[in-house]
Amino acid sequence: ETGVTQSPTHLIKTRGQQVTLRCSSQSGHNTVSWYQQALGQGPQFIFQYYREEENGRGNFPPRFSGLQFPNYSSELNVNALELDDSALYLCASSSTTGTNTEAFFGQGTRLTVV
Amino acid sequence: AQTVTQSQPEMSVQEAETVTLSCTYDTSESDYYLFWYKQPPSRQMILVIRQEAYKQQNATENRFSVNFQKAAKSFSLKISDSQLGDAAMYFCAQNNAGNMLTFGGGTRLMVKP
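Protein chains in written order, with this note's numbering: chain A, 1 to 114; chain B, 1 to 113.
None of these hints come from the bench; they were simulated from the model.
All residues carry an ideal CB built from backbone N, CA and C; glycine is no exception.
Computed footprint of chain B on chain A, listed as stretches where at least three residues anywhere in the stretch have a Cβ under 8 Å from a Cβ of chain B:
hint : segment
1    : 24 to 38
2    : 41 to 49
3    : 85 to 99
4    : 104 to 111
If you anchor each label on the Cβ, the simulated ranges turn out as follows:
hint : chain 1 : residue 1 : chain 2 : residue 2 : range
5    : B       : Pro41     : A       : Ser65     : 29 to 39 Å
6    : A       : Leu67     : B       : Gln14     : 47 to 57 Å
7    : A       : Thr20     : B       : Tyr54     : 37 to 47 Å
8    : B       : Pro41     : A       : Asn30     : 28 to 38 Å
9    : A       : Phe60     : B       : Asp26     : 15 to 25 Å
10   : B       : Gln69     : A       : Thr14     : 43 to 53 Å
Using the sequences and the hints, build the whole thing.
As structure tokens, then:
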């Protein structure tokens, strides 16, 4: 158990809909990163939030957006869902953005777009 | 841009034997860590071992050790005395200055009893 919790665990949505995924970071952690893991592939970095501000973004379109709240929990929002958005979405929290800081992962949300 | 490559989609090892998983990477960063993560069917990424790029000494954690060759940009994982519980997907990863991770495509490790 890492103390990072994600909800829901599974989700089925229809193409064109919008979805919100949630992540509660480990106590004391102010940094949350989101990753998309397509079936059979390694995770890909979507974006990172540090103290409620977006701190970095991967190669994902603007319809992927996020928020971080004062308690450092975070949301990932995806608009206009496409079939290729079907994936496992992982969040990871860490105590800082430093390279020597371990990131702790949640168990992910499995999103299926039909 | 950073890239991480794992050239072995699947590996198999007999229980109690030793197996080595390969990883190469490319980066322009000077300050970074390299990681091996294990992802069992439960989906949660578990950190197995990490190596700071500035340290020449290879990291070791119990049965897990790495062979870090900085000039060759190679970072392999050796698992000794393999156990059935080691069966999982293994991902090599590198972070950057903001602690954002770049992952390889993964290696599925099967352990035969």
